[in-house]
Amino acid sequence: MWQNIIFVGLGSIVGGVSRYFISEWSRHLFPSSFPWGTFIVNIAGCFLLGLLSGFFTSHPAPVYRLFFTVGFCGSFTTFSTFSFENLQLLSNKAYGLFSLNIGLSLILGILFAGLGYLMTNK
Numbered sequence: 408m409w410q411n412i413i414f415v416g417l418g419s420i421v422g423g424v425s426r427y428f429i430s431e432w433s434r435h436l437f438p439s440s441f442p443w444g445t446f447i448v449n450i451a452g453c454f455l456l457g458l459l460s461g462f463f464t465s466h467p468a469p470v471y472r473l474f475f476t477v478g479f480c481g482s483f484t485t486f487s488t489f490s491f492e493n494l495q496l497l498s499n500k501a502y503g504l505f506s507l508n509i510g511l512s513l514i515l516g517i518l519f520a521g522l523g524y525l526m527t528n529k
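In the numbering used here, the protein residues as written are 408 to 529.
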């Protein structure tokens, strides 16, 4: 159990630092009001999580899977997990749950971000 926690933690450190570097790099490369750093990280994270999930399906390595998928990708971007889980819902033909997850996540995410901001920005 502790080994798993350590691997997730180490992957999280690497993922978080990678996210920071890519966000900073993109801000200098693409000066704009569009959030390019977040966009690049989210799309790259989705692709990477798909690659890793496919790889670890045919090459089981539980500790490395935890490091890369839960730790690195989870810290790099949670959007990748959100996207992959929705892909699984589509694959399972759970169209109602797919729509519910996307709709509620977007609407409630924006509402709660606004609520949190309003509660602390006085």
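Bear in mind the hints are in silico, worked out from the structure with no lab data behind them. Be careful, since some hints might not be right.
Stated by the list, open to error - Between beta-carbon pairs, the in silico distance windows are: (1) Y427 / Y471: 22 to 30 angstroms; (2) P467 / A520: 35 to 43 angstroms; (3) S512 / R434: 23 to 31 angstroms; (4) V470 / S498: 25 to 33 angstroms.
A quick note: this is a predicted structure, and the numbers were derived from the prediction, not measured. Glycine residues also receive a C-beta, built at the ideal position from the N, C-alpha and C atoms.
Margin query: Looking only at beta-carbon atoms, does the pair S512, R434 fall within the given range of 23 to 31 angstroms?
Written below: holds (26 angstroms)
Check: Cβ-Cβ distance between P467 and A520: within 35 to 43 angstroms?
Finding: Taking Cβ atoms as reference, P467 and A520 lie about 38 angstroms apart, which means the hint holds.
Checklist line | Whether the CB-CB distance between V470 and S498 falls inside 25 to 33 angstroms | finding: Holds: the Cβ-Cβ distance is about 26 angstroms, inside 25 to 33 angstroms.
Check: Does the Cβ pair Y427, Y471 satisfy 22 to 30 angstroms?
Finding: With Cβ atoms ~23 angstroms apart, the hint holds.
Comparing the model with each earlier hint shows no violations; every hint is respected.
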